[in-house]
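Number of protein chains: 2
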Amino acid sequence: MPYLCLMQEGNANLSRLIERANLNGFNVIAAPLNAMEIPLEFQKEPMNKADSKFTYGDLLLTADQWNTKTILMLSELMDCDSIDPVVRKNSEEILKRDISWAEHLQYGGYILIKLRRAKNLNLARVITQQIKGVLLVQVPLYNAPAAHAVWRRDLSEEEVLDLEQQDTWQWWNRFRRAADFNSKMKVVLEFNEVERPSLDIVRRWVGEPLEAVIIPSNLFIRNRQKYPVLPKAWQQVLKCVLQAHANIVVATDANDNSLKLYSDYLQNFRDIHKDAHSLESFEDVLEIPLQPLYDNLDCYTYEIFERDPVKYKMYQDAIAAALIDRVSDSEIPDKLTVIMVLGAGRGPLVRSALNAAENTKRKIRVYIIEKNPNAIRTLSAMVDELWSTKDVHLFSKDMREFSPPEQADILVSELLGSFGDNELSPECLDCAQRLLKTDGISIPCKSISYINPIMSSKLYNAVRQVRSESFARDKQATYLTHAESGYVVLLKSIYNIGVPQSLFEFVHPNRDPIIDNSRYKILNFPVEADCILTGIAGYFESTLYSDIKISINPSTHTHGLVSWFPMYFPFTEPLEVIKGQIIKIHFWRCVSKKKVWYEWCLTSPSTTHIHNLGGRSCHIYCT
Amino acid sequence: MPYLCLMQEGNANLSRLIERANLNGFNVIAAPLNAMEIPLEFQKEPMNKADSKFTYGDLLLTADQWNTKTILMLSELMDCDSIDPVVRKNSEEILKRDISWAEHLQYGGYILIKLRRAKNLNLARVITQQIKGVLLVQVPLYNAPAAHAVWRRDLSEEEVLDLEQQDTWQWWNRFRRAADFNSKMKVVLEFNEVERPSLDIVRRWVGEPLEAVIIPSNLFIRNRQKYPVLPKAWQQVLKCVLQAHANIVVATDANDNSLKLYSDYLQNFRDIHKDAHSLESFEDVLEIPLQPLYDNLDCYTYEIFERDPVKYKMYQDAIAAALIDRVSDSEIPDKLTVIMVLGAGRGPLVRSALNAAENTKRKIRVYIIEKNPNAIRTLSAMVDELWSTKDVHLFSKDMREFSPPEQADILVSELLGSFGDNELSPECLDCAQRLLKTDGISIPCKSISYINPIMSSKLYNAVRQVRSESFARDKQATYLTHAESGYVVLLKSIYNIGVPQSLFEFVHPNRDPIIDNSRYKILNFPVEADCILTGIAGYFESTLYSDIKISINPSTHTHGLVSWFPMYFPFTEPLEVIKGQIIKIHFWRCVSKKKVWYEWCLTSPSTTHIHNLGGRSCHIYCT
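Sequence order for the protein chains is A and B. Under full-length UniProt numbering, think of the first position of the first sequence as 1, with each following residue one higher. Under full-length UniProt numbering, think of the first position of the second sequence as 1, with each following residue one higher.
Don't read these hints as lab results, they were simulated from the structure. Note that CB positions come from ideal geometry on N, CA and C, so glycine has one too. Be aware that a few hints might be false.
As the list claims (entries may be wrong) - Listed below are several chain A residues computed to face chain B (Cβ distance under 7 Å; list not exhaustive):
hint	residue
1	57
2	63
3	190
Unchecked claim - Once the Cα atoms are required to be at most 20 Å apart in a straight line, the calculated EDC-like pairs of lysine to aspartate or glutamate come out as:
hint	chain 1	residue 1	chain 2	residue 2
4	A	184	A	430
5	B	363	B	398
6	A	371	B	19
7	A	363	A	325
8	A	363	A	398
9	A	437	A	325
10	A	132	B	512
11	A	96	B	295
12	B	446	B	530
13	A	132	B	93
14	B	96	A	287
15	A	313	A	295
16	A	549	A	331
17	B	132	A	93
18	B	371	A	93
19	B	132	A	306
As the list claims (entries may be wrong) - From the derived model, a few chain A residues whose C-beta atoms are all more than 12 Å from chain B:
hint	residue
20	97
21	100
22	109
23	296
24	385
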């Protein structure tokens, strides 16, 4: 459940603050860990009576309230990266003590620390050793002086450039790299007064583990009815982070009387702009791609796919268009069209074909070919009960071994995976095209895969997680396995480093004298902003017939199509890339008698090893 | 959520059966996978049209209904262990086909297979290779002929013995041993008509992964009001399995009109006799024992312990009794009793002492000693705010290093772990007794640990699970680690092979000239019934003062005491033990300067390696 948090400093009474927050529509509070600042002069013989006065007593709230209702803010006075060794050491000690106290209060709760500048290396070192729960890292969305400087005329070009380099994303980036992408760390973005916030900057943050945004109450303006609202430009920013499921924190002082107005406004804004959908639980979850050629799909999987509201309608339209092109109105009474459905599953494509025939009044004979014996049971019942008056014929066969009584006018198949060819549609259709008349039609007739480089901290950590879990199960696996595998993922928390470009193309039927389905292509993507390259996203577009296409490429995505999530090909190590550099991706599709696999690597801005060499970590079985 | 399942054979219409079940108070159905028996003569060219008539179509129910509302029963005609190789091979093929079909219908659902005799080795082999979801293994509670034979006078003693050996638990045991304790397998116990069911037999099944019991409708008798009820003896059996959270299946034929009466009766019976409590989620879950000496406890843990409704009342009573014994009524005005609370946490024992003083009108001075700096903050606030008029003094110290202004009359501590001495109360109290006057009192004054051998399939599999997970995280760990560790567990699904016997005793203060807290003891437990020894359960009893005791030993358990769960010391391999054998357990408490640990092994009925030798897998740090 997303939360709305009230952040307030200088409250001696936390339970009253919680009460006030609740009354005003906030379900969480953020408050300083120490009611008063503990002096930086660290006292060695410690924790004496006087000490307790600086903080809240743990009995003030229940353990449950500490855990689920409060974000504890660490003091801003500490400076673990001070050049003064006394200040640095005292800061380290106080930080340790405060984190120990915060974790005493919270059993896996939330601690917030604020980054105030680029240099935080020693802080990262100290804090990573300590935290057991979640560490929220507060970073300004912009470096305000730098952002403002762009508009100042009194600065030299160099001075502006220098200020621009103080990118707050780099504050975070250096901090979390030092902490080795620790998955307990999450970003809290602080909105600050900048005239024109750039959405490009905001989009980059979506590739990070974004927990929340902090909206200072002075960012609100009054509308004509005198209600507080956010300026238009900030509404765009908020919309963007809400799509990434960020929570909202409002920072106010204790005298602010508009709390309820803020929460009403934000609650309403969130209800309108949040991205709620039925597939939410799949977001950023790694799934092993299906191998329907090797494994038989089950009832549950068939049911999910059959529910796609768009796919089978597109197929029906494609078959109808092909029928009309092949059989003129005058030929309708005499001309029979033979349609073969290759890999019929539980029959949705057969229905599409029968509907298309009925709508166009064309006469058809349907050969249904399916290799899964469990699906054959269902098809067999359908043939008997639903299609007993139709000219349909069921064959329990692998399409590659099928010898038909006659050749087909139209082959219909849905062997496409998230990456187009990754469920071996080229291999299957090449082999099946002997079933097709020389002037016959394949639906689909063309498929193209697309890729682009992306940044996603979440996916980087998800792959690390899978990697160590799988290492547990199978000690034979090298540590590389699973860090080099292609996954199916509903991409959400990502930053697109470049726009997807077309990769491999396959045409059906393939009339080449010698058919070669291996491929190799090199693509260049210019880097628009400093970021971390974690992997490659993959998509496909497929032409069913004529101009009827289905696509999961973000630029051309078919509206309502839900059957396919994108692919994700990780790099084993995250790679820092700089604005202006070129990412040069090499991608191979490799084919042997028994298996098909992909390999990928970079040669710019630096050279990586070739991932999944020889298909060692993942491949698709041909048999 | 526990379910009530209606089992019926010979239903052509499953959706109507689900509807009928729901109307009559059953939320799940069990029905044969095949609507008609598929002939055992296996047809090689398979899965043809005719074939589909034998089973249900997958479109009959939604994927969700197949998964959550149905238990699919495999055919009883298959005989994978037939001596006729043709029957055996055909059975294997049909079993594979049927499981493939069942798993096509159910995405991780429930398949039921019935064991009909002792010999099921080949069945176990075939089935373990196939199942992906849960396999329910139906076994009669008794072997009915064997059970009845005990009462027959025409059989020779030998014949009776032979029949008795046909123990249905052994049918299951051999089956699951062949399947290597596969955690996807669960037991479904079939009640059958036996005059006097033995609760001992039933209790042994509680150590197994018990999913459900099947009550055939003919087991019901009519009470005076003509309502169906279970006979008294069977009520006892049902009560016993309900305590272990077994689900209930009622087996009837299609003409039975009393369905609603059965479900009402059973629902009501379950509501009365189920074991629902707030700690349910902890049952059979392995927890790493706390090491409060090494780790500081957090706010959440303190809060849990402080909530114990019994513990601090017992301490208060013990302190009161000691005060009265030490200070006669006439001495009240003059005599001050010095109480030291060692390891005060957030002060519950201080409250017990102050209450005891107030109730007995004795004058006390309290020294509070605590080493956790976070708890000191709370204590410090309490001293200031709650106890400012009392004679209390706070010291932020490890009790082993504390130099008091004066010696104590009474030392109060709660350093007891689930096994008594496993949080190092002996070491701490021995060291602290220099704080005590020579005639002073320690509360507690004596602790004794208890052990007994147990069978628990669930815990055996839980340890295997932890073991492979931890191997993932820490590649340095040997594969033994975690299979040799002591755990804290709320024991539930266990069979007590013998009654707990006393193991180690510690007395405080310990006036021995040379104190030695290492121990070694050998205990013998006769085996009452064939079973599998998986580990050793551990408990403690502690005398606070005089006759005031707290105990988690099942035989003497203090009513309402919830602060401690038992210990569990696993054996790395499960060991089959036979009625009449003696289990001889050797148990050591070992002490070095830096750590304390336990070792354990068997020398009868066979010899195991010494577990946790040298504390290699688990130990308690002294500092």
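Right, here's what the structure says about each hint:
With its C-beta approaching chain B no nearer than about 5 Å, residue 57 of chain A sits inside the 7 Å limit, and its interface hint holds. The restraint placing residue 63 of chain A at the interface with chain B holds, with a minimum CB-CB distance near 4 Å, inside the 7 Å limit. With 7 Å as the threshold, the beta carbon of residue 190 of chain A stays out of range of chain B, its nearest partner Cβ sitting at about 29 Å, so the hint is violated. Straight-line distance between C-alpha atoms of residue 184 of chain A and residue 430 of chain A comes to about 49 Å, which puts the hinted pair past the 20 Å bound.
As the CA atoms of residue 363 of chain B and residue 398 of chain B are separated by approximately 26 Å, the hinted pair breaks the 20 Å bound. Proposed proximity of residue 371 of chain A and residue 19 of chain B is contradicted: the alpha carbons are some 34 Å apart, above 20 Å. Taking the CA atoms of residue 363 of chain A and residue 325 of chain A, the gap is about 13 Å. The hint holds against a cut of 20 Å. Of the supplied pair hints, the one linking residue 363 of chain A and residue 398 of chain A is violated, its CA atoms being roughly 26 Å apart against a limit of 20 Å.
The hinted pair formed by residue 437 of chain A and residue 325 of chain A meets the criterion: a straight-line CA distance of about 15 Å does not exceed 20 Å. A C-alpha spacing of about 43 Å is found between residue 132 of chain A and residue 512 of chain B, which places the hinted pair above 20 Å, so the restraint is violated. Taken as a hint, the residue 96 of chain A and residue 295 of chain B pair is honoured in the structure, with Cα atoms around 15 Å apart against an allowance of 20 Å. For the hint pairing residue 446 of chain B with residue 530 of chain B, the CA-to-CA distance comes to about 36 Å; that exceeds 20 Å, so the pair is violated.
Of the supplied pair hints, the one linking residue 132 of chain A and residue 93 of chain B is violated, its CA atoms being roughly 53 Å apart against a limit of 20 Å. Taking the CA atoms of residue 96 of chain B and residue 287 of chain A, the gap is near 27 Å; set against the 20 Å cutoff, the hint is violated. About 27 Å separates the Cα atoms of residue 313 of chain A and residue 295 of chain A, which puts this hinted pair outside 20 Å; it is violated. Between residue 549 of chain A and residue 331 of chain A, the direct Cα distance comes to roughly 28 Å. Violation of the 20 Å bound is thereby established for this hinted pair.
Restraint check: the Cα-Cα separation between residue 132 of chain B and residue 93 of chain A comes to about 53 Å, which exceeds 20 Å; the hinted pair is violated. As the CA atoms of residue 371 of chain B and residue 93 of chain A are separated by approximately 18 Å, the hinted pair is consistent with the 20 Å bound. Restraint check: the Cα-Cα separation between residue 132 of chain B and residue 306 of chain A comes to about 23 Å, which exceeds 20 Å; the hinted pair is violated. For residue 97 of chain A, the non-interface assignment is contradicted: its Cβ lies about 7 Å from the closest Cβ of chain B, within the 12 Å cut-off.
Against the 12 Å criterion, residue 100 of chain A falls within the reach of chain B, whose nearest CB is about 6 Å from its own CB. Listed as outside the interface, residue 109 of chain A is inconsistent with that label: its C-beta sits roughly 9 Å from the nearest C-beta of chain B, within the 12 Å cut-off. Look at residue 296 of chain A: its CB is around 7 Å from the nearest CB on chain B, not clear of 12 Å, so calling it non-interface is violated. The beta carbon of residue 385 of chain A sits about 9 Å from the closest Cβ of chain B, which is not more than 12 Å, so the claim that it is off the interface is violated.
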